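Undergrad: Sequence:
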Amino acid sequence: MNIPHILLAFGPLGTPELIIIAILVLVLFGAKKLPTFARSLGKSMGEFKKAREDFERELHQAQDEAERPQIQQPQEKRQPVASVQDS
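Residue 46 in numbering that gives the first Met the number 0 is what sits at position 47 of the sequence shown, and the numbering runs on without skipping anything.
Hint data in this document are derived by calculation from the structure and do not stem from the laboratory. If you're wondering where the values come from, they're calculated on a predicted model, not measured in any experiment. Be aware that a few hints might be false.
Label-pair distances were calculated between CB atoms; the ranges are [what the hints assert, rightly or not]:
{"hint": "1", "residue 1": "Ile19", "residue 2": "Ala65", "range": "24 to 30 Å"}
{"hint": "2", "residue 1": "Phe28", "residue 2": "Gln62", "range": "43 to 49 Å"}
{"hint": "3", "residue 1": "Glu64", "residue 2": "Phe28", "range": "45 to 51 Å"}
The C-beta atom is built at its ideal place from N, Cα and C for all residues, glycine as well.
With the hints as constraints, model all of the structure from the sequences given.
TA: The structure is reproduced here in C-alpha cells:
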C-alpha cells in the first residue's frame, strides 16, 4: 500500500485526538451549525450506503448470469417441401 509519508507521522487516531478534533469543529463552526452538518453527513452516508448496495446487487446479478449455464434454444425443424413438377 502506498501511503504518503506525511500521514505516517500522525499514526492512528485515538480517543484524545478525536476529542480535540470535535472541539475544534465546535469552535470553528459553532453549536448552531452542528445539527445541520450532522444531518447532511447522515444523508450523504445514507446515499453512499444505498449506492454501494445497488452496486453490490448489480455485481452479484452479473456474476450469477455469468455462472448460469446457457441453455440452447431448440432450432426449428423444417419439413421438406414436396416439389410439384409439371410434365
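Undergrad: Compare the structure with each hint and give your call.
TA: Consistency of the hints with the structure:
1. At about 50 Å, the beta-carbon gap between Ile19 and Ala65 misses the expected band of 24 to 30 Å.
2. Take Phe28 and Gln62: their Cβ atoms lie about 44 Å apart, and the range 43 to 49 Å holds.
3. The beta-carbon spacing between Glu64 and Phe28, approximately 48 Å, falls within the hinted interval of 45 to 51 Å.
Going down the numbered hints, you'll see the structure goes against just number 1.
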